[in-house]
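Asker: Chain residues, written in single-letter form:
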Amino acid sequence: MYAALWRVLPGPAIVRILILLVAVAAIVAVLFVWVFPWVLPLVTPLDATVQQ
Amino acid sequence: MVLEDGRRVRRGAKQRRPVSVIGILGELFITTGLIVLLFLVWQTWVNNIVMSNAQRDDAQELSQEWNKGEAVKLAPDERADPGVPVVATAPAQAVAFGTLIVPRFGANYSRPIAESVSLQRVLNTQGVGHYEGTQMPGEIGNFAVAAHRTGYGDPFFDIDKLQLSDSLYVETEAGWYRYVFRSLEYVQASGVGVLNPVPQFDGAVASDRLMTLTSCNPIHTADERIIAYAVYDTWYPRSEGAPAEIAAIAQNLEGAG
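Here the protein sequences come in this chain order: X and Z. So for the first sequence, the UniProt record's numbering puts the first residue at 1; every next one is plus one. So for the second sequence, the UniProt record's numbering puts the first residue at 1; every next one is plus one.
Okay, chain X solo, but in the shape it has when bound (with noise of 0.2 Å):
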């Protein structure tokens, strides 16, 4: 899977890197604000009051 990644992305290794290192950047960025805190509530289903 990485591999054939590795094998599609174009140019020599550093720009193969650089391209990478957006790519993750642009991947934790869309888990930190959109997934993550939609996924939240739902793992963590902390209820802090008293009820019946």
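This list has only true hints and no planted wrong ones.
Derived DEER-like restraints, expressed as beta-carbon distance ranges:
#1 X/I17 to Z/V95: 45 to 55 Å
#2 Z/S239 to X/L42: 40 to 50 Å
#3 X/I27 to Z/I22: 16 to 26 Å
If you are wondering where the hints come from, they were derived from the structure by calculation, not from laboratory data. Model, not experiment: these values are computed from the prediction. A virtual CB, placed ideally from N, CA and C, is assigned to each residue, including glycine.
On the provided structure of chain X, position chain Z as indicated by the hints.
Answerer: Leaving out everything else, chain Z in the frame of chain X:
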């Protein structure tokens, strides 16, 4: 050229190798593990810092609104009896009407208090929630609030660190209400008796002004609830100035951070 040739050779060699299902599966597992780790980092540090800063900013914005751009003066140590505290009526659901300032929780600790304890609309987003139907700040009976102990900005992370006679200030448009911490109690999640006007006494007629804080217990879980009780001490009308104990946060609105 040599590099180009070398890569071509290598590429050719790899293309001939059969695609390994196990290999792809392994890479997917590793990726999933990394994302889970990343989630934990985000939840434990990034999100809490972002949310607690946002909540403090919201609280300061509320204070600034109430000050109408005027500088906040400090109430003198010796002052006349401020009289019976002003009691506001509860606003609509999810509307912020106060801020909670607790020196024990940090020199810059200030969080908004909004009506209702709805997770989606208040506790997971705004900070501290006021139990609908319980009394308002300064009112005879029980002003009961809830907030997360961990996650979503950790509003009540240090609730178990409160010590006898610690101050809890509730700021509203009318001024600052000082409550004094009394004791902790641990109850089941169904222990709604803590919200009674006289906590744990059904139907008793209240004569004191109390404040009740509820949060999760044990820390990081939600099996039980930790309850903090505070009793009303005095109040500071906005026109007469803020209490000196919270001067930094009441006055230094820009710099408190």
